[in-house]
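Enquirer: When you get a sec, could you build the whole thing from the sequences and use the hints?
Chains as they are written, first to last, in my numbering: chain X, 1 to 286; chain R, 287 to 816.
Zero decoy hints are in this set.
Reference excerpt, derived from the structure (chain R facing chain X, CB under 7 Å, subset only):
1. Ser527
2. Phe533
3. Pro534
4. Gly686
5. Phe689
6. Ala690
7. Thr692
8. Arg701
9. Ile753
In case anyone wonders, no lab produced these hints; they're calculated from the structure. C-beta: ideal position from N, C-alpha, C; glycine also.
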Amino acid sequence: MYIKGSKRINIEAVLKIAVLLGFAVLFSKMIASGEIHYYVHPRMVPYVKGGIGAMVVIALFTTKDVFRMKQHINIAPYLFFLMPLVTGFVLPVKVMDATSFATGIQLSRKAPAQVAIQPSKAPAIEVALDSNQTFKEVTETPSTPSTPLSLDKQSFSKTSQTVAALEGQVFLKTVDKLSLDLDAVVGQEIELAGFIYLEEGFESNQFVVGRYVVTCCAADAEMYGILCVDDSELDHKANSWVRVKGIVEQTTYRRSYDDQEIEMAQIRVKEIEIIAPPKEPYIYYN
Amino acid sequence: MKTQIDIISGFLGSGKTKFINEFLRKKSPSKEKIVVIQCEAGETEIEKVHLEVDDVRLLETQAENMLTPEYLYECILKYRPKRILIEYNGMLKLEGLLNLLNHRRLRKYVFIGDVIHTLDTVTFELFSQNIGGTFIEQISNSDVIILNQAELLSEEGLHDVVSKLNRISPFAEIMDSRDVVDIKASTGDPKQFEKVFNIFFALFAVFIIGYLSFSFLKNMDYNWGAPIYSKILVLNTVFLSVLLEAFPFILLGVFISSVIQVLIPNDAILKWFPNNSVLGFVAALGAGVLFPVCDCAVIPVAARLVKKGVPLGIAVTFMLAAPIVNPVVVISTLYAFQGLPLVAFSRLIIGAAVALIVGLMITLSKWDQEVLLDPYDDFYCDCESCLELESNTGFMGKIGAVFAHTGTEFIAVGRFLIIGALISSMVQVFIPKEIVFSLSDKPAVTLLIMMLAAFVMSICSTSDAFIARTFVNQMSMGSVMGFLVLGPMMDFKNFLVLTGRFKKGFVVRLTFLIGIISFEVLWVATQIMF
Chain X
1 MYIKGSKRIN IEAVLKIAVL LGFAVLFSKM IASGEIHYYV HPRMVPYVKG
51 GIGAMVVIAL FTTKDVFRMK QHINIAPYLF FLMPLVTGFV LPVKVMDATS
101 FATGIQLSRK APAQVAIQPS KAPAIEVALD SNQTFKEVTE TPSTPSTPLS
151 LDKQSFSKTS QTVAALEGQV FLKTVDKLSL DLDAVVGQEI ELAGFIYLEE
201 GFESNQFVVG RYVVTCCAAD AEMYGILCVD DSELDHKANS WVRVKGIVEQ
251 TTYRRSYDDQ EIEMAQIRVK EIEIIAPPKE PYIYYN
Chain R
287 MKTQIDIISG FLGSGKTKFI NEFLRKKSPS KEKIVVIQCE AGETEIEKVH
337 LEVDDVRLLE TQAENMLTPE YLYECILKYR PKRILIEYNG MLKLEGLLNL
387 LNHRRLRKYV FIGDVIHTLD TVTFELFSQN IGGTFIEQIS NSDVIILNQA
437 ELLSEEGLHD VVSKLNRISP FAEIMDSRDV VDIKASTGDP KQFEKVFNIF
487 FALFAVFIIG YLSFSFLKNM DYNWGAPIYS KILVLNTVFL SVLLEAFPFI
537 LLGVFISSVI QVLIPNDAIL KWFPNNSVLG FVAALGAGVL FPVCDCAVIP
587 VAARLVKKGV PLGIAVTFML AAPIVNPVVV ISTLYAFQGL PLVAFSRLII
637 GAAVALIVGL MITLSKWDQE VLLDPYDDFY CDCESCLELE SNTGFMGKIG
687 AVFAHTGTEF IAVGRFLIIG ALISSMVQVF IPKEIVFSLS DKPAVTLLIM
737 MLAAFVMSIC STSDAFIART FVNQMSMGSV MGFLVLGPMM DFKNFLVLTG
787 RFKKGFVVRL TFLIGIISFE VLWVATQIMF
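Expert: Spelled out as structure tokens, the structure:
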């Protein structure tokens, strides 16, 4: 898309500077307001700052071109840059919640023995919930006294982390543990905080307590969670944040697209309360 | 009524004066006063016969500095011409003259009509390689290019010249001197190929969007809960997050590429990458370890290496290996697959193997080495900062050129990144992963599916290991390895960025070659390992 250059100033240089400074301002605004954490992992922030610096410097060096004549200018590339600039400034950021993705979520599923990788080292397995699942509950009477599920908090408690961040890491470790070592913790008491996620086909007493885990940026955000069964009168509204306390159980359900029966972890809720959504809802993978 | 100023530039002997004579001869006699200003008296003189007519005046400026705004102002005042033809010296940049004509004193009285450049097709190749900057600048600023002695060239040779000229100045109208009838203001459309590419691209984008929306609509049986506006917001957030993550690395990549272009002399580069020997490939792999950047950032660097003369096969090996063998990616793979170092290790080995094989095949099958979009400028590029460089060799000048050039390349490469990010974000947000899982269970097919998924999702190689991890339970380890190996080397985003730097035919062929080779290697490797 070519336009005839202006006789007064070099439009291309002006566009270049506008694009570079535009993004520099947009990114800086995100960092200043703290919104950046809804977009990328905190460890990426130094790189973003570096990018801002680079763009400003390049813009400065481009200013000397502003008064050089250029006859014909191709403006097409600049239009591409304009699009995210406009949406970035105009549209508000969206914190991922229970309704965000069309994809399935990571649930605490018991690591199957037949996976080719050694079961003790299997990564947190996830399962896609679909609408036609049936739940076959296996109720087990707790054989061990209900002591709170103590995870080795020492291993990741760094004094610099905020309480919320710590809780996030605990959440993740818990989900992991419940899948890797379910047998060992069945019957133990557990406490978790997250938002309520409802899948089509859930009974009224079923929900998932979940949180988003971000590895690098919002594009790879994945919901991790644990199935819960709660018979209290509390209305399980999707997206509301809750703190649940309950007993770990094992249950099975049938995956509709291949009819496989999966064993997974479940919390039988004893106490549940609504809490305010935290300021940092995402868990940043360390 | 403003005076129209036409500029006729061109080198000594290229046919400027001849052209002016032709014009003067063919123009219909009228009361139209024309002033011809010659800045350079060449072998051909303005024919006396034209000058005897009342309405044509010839002025000659002997020294460069005689042509000033005041001089032109005086000339206009004295002769009140309708048109001024300025025959402009070949060794000076047009920019100076154009700035002059925009001087505030003159602006009220003149407007720039046609900028015409006459060119001797026989010496074009020679001149472009030896004289460079000024020559290119004049061509790129011209509306009309007149080819002289075109009859002396073969059909192929002429076609070659014309396509190179199109590269330099896509907007210009190229004419054979024998066909010139009259100088008139050309409105000119963008050259055909640019138009076609834009249309093709727009159609492709529409197709992709259409297909994605279609498949998303097809799956009405999943809970998509939120209304459309909320989904758009999520899409926007995801899209911006990809840009936030990728921009710093793209900037780094083009910066390194600019440093190589401006600061490092060609022979030094060629010394590091010895020609086509085993060492060259080893160097390519080694260099990959030293570039801890994202897969999109390495493409401008690789393109720059090819421009500087590194053999194509070796540059491709570097380009494919760097996003896999670099320490950041290795570490992130180790993190993602904690307790399974075999994954990271095999990713590294398989990736390096594929990169090496592809590069070797390119070298051995003697692919056409002219694959860059602008191959003519082997030793310089045509952006303003590089043209300026020739006159300005101070250290600060060079630094300035590096940054200015970075800006130019960033814009050129960035638009492809933006499109790729948008599409991959749409895939992430709208396409449920279950589709991938339920498609098949034959191992070869699942491998192909995972490779395709990697291509479409276009995740940066520094973090795709974490996404790969989520596939592990539904797909075999072998097919997940396909995701891990193909993703950094070739995906939709990379494909687009490549088309900004290399010829489309080459990019397509390269993509297929990578796909086939990696499939074969992965197939064999995963049969053995998993």
